[in-house]
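Asker: Residues per chain, in single letters:
Number of protein chains: 2
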Amino acid sequence: MQTDVERLYDKLKEEKKAFRKLAKRDIAVDMTRGRPSAEQLKIALPMLENAASLNFAAEGGDARNYGDLAGLKSARELFAEIFEVKPEEVIVGDGSSLEMMYFLIDCAMQFGVLGGKPWNSLQSVKFICPAPGYDRHFTICEAFGISMITVPMREDGPDMDLIEQLVSNDASIKGIWCVPKYSNPTGITYSDGTVVRMGSLRPAAKDFRVFWDNSYAVHSLYEDEKLKNIFEVAQKAGNANMVYGFTSTSKITFAGSGVAALAASEANIKDILKKLGVRKINPNKVNQLMHVAFLKDIQNIREIMKQHAAILRPKFELFETKMSAAFDDDERVKWSKPKGGYFISLDVPGIAKRTVALAAEAGVKFTAAGATFPYKMDDRDGNIRIAPSVPTLEEMDYAVDVLISAIKIATLEKDIAAIEQQ
Amino acid sequence: MQTDVERLYDKLKEEKKAFRKLAKRDIAVDMTRGRPSAEQLKIALPMLENAASLNFAAEGGDARNYGDLAGLKSARELFAEIFEVKPEEVIVGDGSSLEMMYFLIDCAMQFGVLGGKPWNSLQSVKFICPAPGYDRHFTICEAFGISMITVPMREDGPDMDLIEQLVSNDASIKGIWCVPKYSNPTGITYSDGTVVRMGSLRPAAKDFRVFWDNSYAVHSLYEDEKLKNIFEVAQKAGNANMVYGFTSTSKITFAGSGVAALAASEANIKDILKKLGVRKINPNKVNQLMHVAFLKDIQNIREIMKQHAAILRPKFELFETKMSAAFDDDERVKWSKPKGGYFISLDVPGIAKRTVALAAEAGVKFTAAGATFPYKMDDRDGNIRIAPSVPTLEEMDYAVDVLISAIKIATLEKDIAAIEQQ
Numbered sequence: 001m002q003t004d005v006e007r008l009y010d011k012l013k014e015e016k017k018a019f020r021k022l023a024k025r026d027i028a029v030d031m032t033r034g035r036p037s038a039e040q041l042k043i044a045l046p047m048l049e050n051a052a053s054l055n056f057a058a059e060g061g062d063a064r065n066y067g068d069l070a071g072l073k074s075a076r077e078l079f080a081e082i083f084e085v086k087p088e089e090v091i092v093g094d095g096s097s098l099e100m101m102y103f104l105i106d107c108a109m110q111f112g113v114l115g116g117k118p119w120n121s122l123q124s125v126k127f128i129c130p131a132p133g134y135d136r137h138f139t140i141c142e143a144f145g146i147s148m149i150t151v152p153m154r155e156d157g158p159d160m161d162l163i164e165q166l167v168s169n170d171a172s173i174k175g176i177w178c179v180p181k182y183s184n185p186t187g188i189t190y191s192d193g194t195v196v197r198m199g200s201l202r203p204a205a206k207d208f209r210v211f212w213d214n215s216y217a218v219h220s221l222y223e224d225e226k227l228k229n230i231f232e233v234a235q236k237a238g239n240a241n242m243v244y245g246f247t248s249t250s251k252i253t254f255a256g257s258g259v260a261a262l263a264a265s266e267a268n269i270k271d272i273l274k275k276l277g278v279r280k281i282n283p284n285k286v287n288q289l290m291h292v293a294f295l296k297d298i299q300n301i302r303e304i305m306k307q308h309a310a311i312l313r314p315k316f317e318l319f320e321t322k323m324s325a326a327f328d329d330d331e332r333v334k335w336s337k338p339k340g341g342y343f344i345s346l347d348v349p350g351i352a353k354r355t356v357a358l359a360a361e362a363g364v365k366f367t368a369a370g371a372t373f374p375y376k377m378d379d380r381d382g383n384i385r386i387a388p389s390v391p392t393l394e395e396m397d398y399a400v401d402v403l404i405s406a407i408k409i410a411t412l413e414k415d416i417a418a419i420e421q422q
Numbered sequence: 001m002q003t004d005v006e007r008l009y010d011k012l013k014e015e016k017k018a019f020r021k022l023a024k025r026d027i028a029v030d031m032t033r034g035r036p037s038a039e040q041l042k043i044a045l046p047m048l049e050n051a052a053s054l055n056f057a058a059e060g061g062d063a064r065n066y067g068d069l070a071g072l073k074s075a076r077e078l079f080a081e082i083f084e085v086k087p088e089e090v091i092v093g094d095g096s097s098l099e100m101m102y103f104l105i106d107c108a109m110q111f112g113v114l115g116g117k118p119w120n121s122l123q124s125v126k127f128i129c130p131a132p133g134y135d136r137h138f139t140i141c142e143a144f145g146i147s148m149i150t151v152p153m154r155e156d157g158p159d160m161d162l163i164e165q166l167v168s169n170d171a172s173i174k175g176i177w178c179v180p181k182y183s184n185p186t187g188i189t190y191s192d193g194t195v196v197r198m199g200s201l202r203p204a205a206k207d208f209r210v211f212w213d214n215s216y217a218v219h220s221l222y223e224d225e226k227l228k229n230i231f232e233v234a235q236k237a238g239n240a241n242m243v244y245g246f247t248s249t250s251k252i253t254f255a256g257s258g259v260a261a262l263a264a265s266e267a268n269i270k271d272i273l274k275k276l277g278v279r280k281i282n283p284n285k286v287n288q289l290m291h292v293a294f295l296k297d298i299q300n301i302r303e304i305m306k307q308h309a310a311i312l313r314p315k316f317e318l319f320e321t322k323m324s325a326a327f328d329d330d331e332r333v334k335w336s337k338p339k340g341g342y343f344i345s346l347d348v349p350g351i352a353k354r355t356v357a358l359a360a361e362a363g364v365k366f367t368a369a370g371a372t373f374p375y376k377m378d379d380r381d382g383n384i385r386i387a388p389s390v391p392t393l394e395e396m397d398y399a400v401d402v403l404i405s406a407i408k409i410a411t412l413e414k415d416i417a418a419i420e421q422q
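Protein chains in written order, with the working numbering: chain E, 1 to 422; chain U, 1 to 422.
Treat the hints as calculated values from the structure; they're not laboratory data. Watch out, some of these pointers could steer you wrong.
It does not matter which identical chain is meant; a pair holds if it fits inside one copy or across any two.
In the DSS-like style, the derived pairs of lysine-lysine whose C-alpha atoms are separated by at most 30 Å in a straight line are [what the hints assert, rightly or not]:
id: 1; residue 1: Lys376; residue 2: Lys16
id: 2; residue 1: Lys334; residue 2: Lys17
id: 3; residue 1: Lys365; residue 2: Lys270
id: 4; residue 1: Lys376; residue 2: Lys274
id: 5; residue 1: Lys11; residue 2: Lys353
id: 6; residue 1: Lys365; residue 2: Lys73
id: 7; residue 1: Lys228; residue 2: Lys296
id: 8; residue 1: Lys353; residue 2: Lys365
id: 9; residue 1: Lys228; residue 2: Lys270
id: 10; residue 1: Lys365; residue 2: Lys275
id: 11; residue 1: Lys117; residue 2: Lys275
id: 12; residue 1: Lys365; residue 2: Lys274
id: 13; residue 1: Lys42; residue 2: Lys296
id: 14; residue 1: Lys274; residue 2: Lys117
id: 15; residue 1: Lys73; residue 2: Lys42
id: 16; residue 1: Lys337; residue 2: Lys306
id: 17; residue 1: Lys226; residue 2: Lys86
id: 18; residue 1: Lys376; residue 2: Lys270
id: 19; residue 1: Lys353; residue 2: Lys275
id: 20; residue 1: Lys24; residue 2: Lys365
id: 21; residue 1: Lys337; residue 2: Lys322
id: 22; residue 1: Lys353; residue 2: Lys274
Could you put the whole structure together from the sequences, leaning on the hints where they help?
Answerer: Written out as structure tokens, the structure reads:
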């Protein structure tokens, strides 16, 4: 009679055979980053068609000339709609919202926040990093030597009990990273309760800032999930200056060639503009004018985003269908079911690295396992970020088959090792 | 018989009367900044007309998507032509070259240059500032607390004797600001001898950098004044890493909505990209592609710049003609005769502030006197920067009349005060 281990070895052999057969199709699929697909990029082409006939003088000056450090008035108005704040509380810049976040941390380090001490002059600076989260946020902290405190993500946002306790007791905690809507990578949207608690924090540090990276503000796949307005909450809680908001059109028009914006209290905006004015004269206002003419207003943006959703949704659904069929009975394989954004978060404790490595052998690339955690340290070796936007549906079909097979192999290997180590 | 003072008072009375009569025309003329005129901005409009039909996939990827931190290959090639370096030695960014300069100083402060100590960790950091110079360079130094050492500008560039002596003896001197061609504000181009000496410096600080702001690289009003290639000089002198070059299309296409670039050794570029990658994913490559398609190559850029010159030249010449007629015999009033760039430098020792204030009374605004010096301190109260690009020829005619009358009044006032103080 076969032993348990022998049975598992047989299964593994069989699964490996299936994997090799599958891998022969050798389709290169890149799911490492949340890039828009070629099909999506066509949606914004009309923006360029009308570029030469824009009214550059519409706002008094000339959008093609120097001036307007905070961005075009019309662009500030448009982003104010998205942020649900006043235009005076918005700065519209060039394409990268990441660059704005970097700039604000950089300024805080060198010059301090709103008259506070430069963070460089402090013994220790810490940030709270809900994880899994966006790797580029963590990379900024690492570059500046800011210590990262990992806090777990839940279905309704990060662990607020823990965050409240941390920030109220430690004045060296200067900020927190949040992707509050269709979060990167779990896809969840912060609940009203979470937003209220976040906007009502009582941080020991007066210059504590919530970095509210609302990259996916309008990026719904189905009905829009409403995110509570944190600026209003913070205002009411006496925290008017505590929140820096960010967003961009990188996944509305062109990735990295869009327009990014930040929102903050008028006192913050004044402080930021003073520092920004040392660095540049104005953002690309021609690009801003093109964007305003194309995007028009929040209603029209939602219509544009429906076109994106029509392209993205089948990819998310294909993943869901195939993964459900394969693992619905398996408690050890879990994944998120986002209603928007660009990512699905897969949880396979103990086998994330091995799964990603196996998939790569079949030409399917995922973000490196662990990348979604501070210092790239996922203690459970569990999280894999899936970015379904780039592949075609056909490629996606192959990629998920590869992923499923890779998970099965890695699971069997792990089970065998567990028995053999007994 | 009239005394000297009485005669001067009469003259002053007469001149003031003339000034008041002139000022009644009350034409608002803004000559504070080197902005392109509305007429010039039209030159680049064809760039926008063809934006939608660009070949976004020309370089393998998709210019509308993420990637290419150092800029599009074709854009790097184009700016390599302008800098006279290899494309691998170029990073092409968004619109602002000032932002690139800020970034490099900021990184030097926070992280150090090419493995060197962060400048923040040093007791003292100094920059050499040839003056009169570009006020925004000095503002960056001020913001970071970098001490500025003023060095005089000559007809052939800054005082190299002094610079050689300074940098070889003081390791806390970490950089120098240069606008080597059609300099801001004097309009001169560094001689070959100056460039050779600059590229061959023997700084005590290993991480000393020449900030070579070649903003007016192709901005000739007449025949192009050839600037010697400092990268070649530095390479030969064993200083390959010592030079950071900058330029932009702000005065070729659209001001602040153009494309900026930096040039440096491949070792520097590698160091810079590592730091830049923390901050952003890529520059606006759609804008870069638009620019490459419109600008094509250095020959075509020179043709485009001839159109700019045709608009700018008469303004410079009007200034020269009128000022010569008024002051050719007056040793106390001197001005530069630039063959390119955006500025004329006026030298009226002891009366710069008063002259600028008087002109403002007649609606003619110049850059604040002193702005062209570190800490805005022009000890001689002599320098006024004239930016003739924005006004029409008619406005220019009025503005120079106002300026001439203002100089005459200020001179008379000064002469009277001198006699009365005896």
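Asker: Go through the copies and call it for Lys334 and Lys17: within, between, both or neither, with a Cα cutoff of 30 Å.
Answerer: Classified as within: same-chain Cα gap 25 Å, cross-chain 87 Å, threshold 30 Å.
Asker: State whether the alpha carbon distance between Lys226 and Lys86 is at most 30 Å within one copy, between copies, both, or neither.
Answerer: So Lys226 and Lys86 pass the 30 Å test inside one copy only (19 Å; across, 51 Å).
Asker: Within, between, both or neither: how does the pair Lys274, Lys117 come out at a Cα-Cα threshold of 30 Å?
Answerer: Both. Shortest intra-copy (16 Å) and inter-copy (28 Å) distances satisfy the 30 Å Cα cut-off.
Asker: If the cutoff is 30 Å on CA atoms, where do Lys117 and Lys275 land: within, between, both or neither? Let me know, please.
Answerer: Cα proximity of Lys117 and Lys275: in one copy and across copies (15 Å, 24 Å).
Asker: Measure nothing new, just compare the shortest in-copy and cross-copy C-alpha distances for Lys365 and Lys270 to 30 Å and report within, between, both or neither.
Answerer: So Lys365 and Lys270 pass the 30 Å test across copies only (26 Å; inside, 44 Å).
Asker: For the identical chains here, do Lys337 and Lys306 meet the 30 Å Cα criterion within one copy, between copies, both, or neither?
Answerer: For Lys337 and Lys306, only the intra-copy Cα distance (18 Å) is at most 30 Å; the inter-copy one is 59 Å.
Asker: Can you tell me if Lys337 and Lys322 fall within 30 Å by alpha carbon in one copy, between copies, both or neither?
Answerer: Within one copy only: 13 Å inside, 75 Å across.
Asker: Could you figure out if Lys376 and Lys274 sit no more than 30 Å apart (CA to CA) within one copy, between two copies, both or neither?
Answerer: Classified as between; 18 Å across copies, 35 Å inside a copy.
Asker: Could you place Lys365 and Lys73 in one of the four classes (within, between, both, neither) given a Cα distance threshold of 30 Å?
Answerer: between (42 Å within a copy, 25 Å between copies)
Asker: At most 30 Å between alpha carbons: which applies to Lys365 and Lys274, within, between, both or neither?
Answerer: between (43 Å within a copy, 23 Å between copies)
Asker: At most 30 Å between alpha carbons: which applies to Lys228 and Lys296, within, between, both or neither?
Answerer: For Lys228 and Lys296, the Cα distance is within 30 Å only inside one copy (23 Å; across copies 49 Å).
Asker: For Lys376 vs Lys270, is the C-alpha pair at or below 30 Å within one copy, between two copies, both, or neither?
Answerer: Classified as between: cross-chain Cα gap 23 Å, same-chain 36 Å, threshold 30 Å.
In summary, the structure agrees with every hint in the numbered list given earlier.
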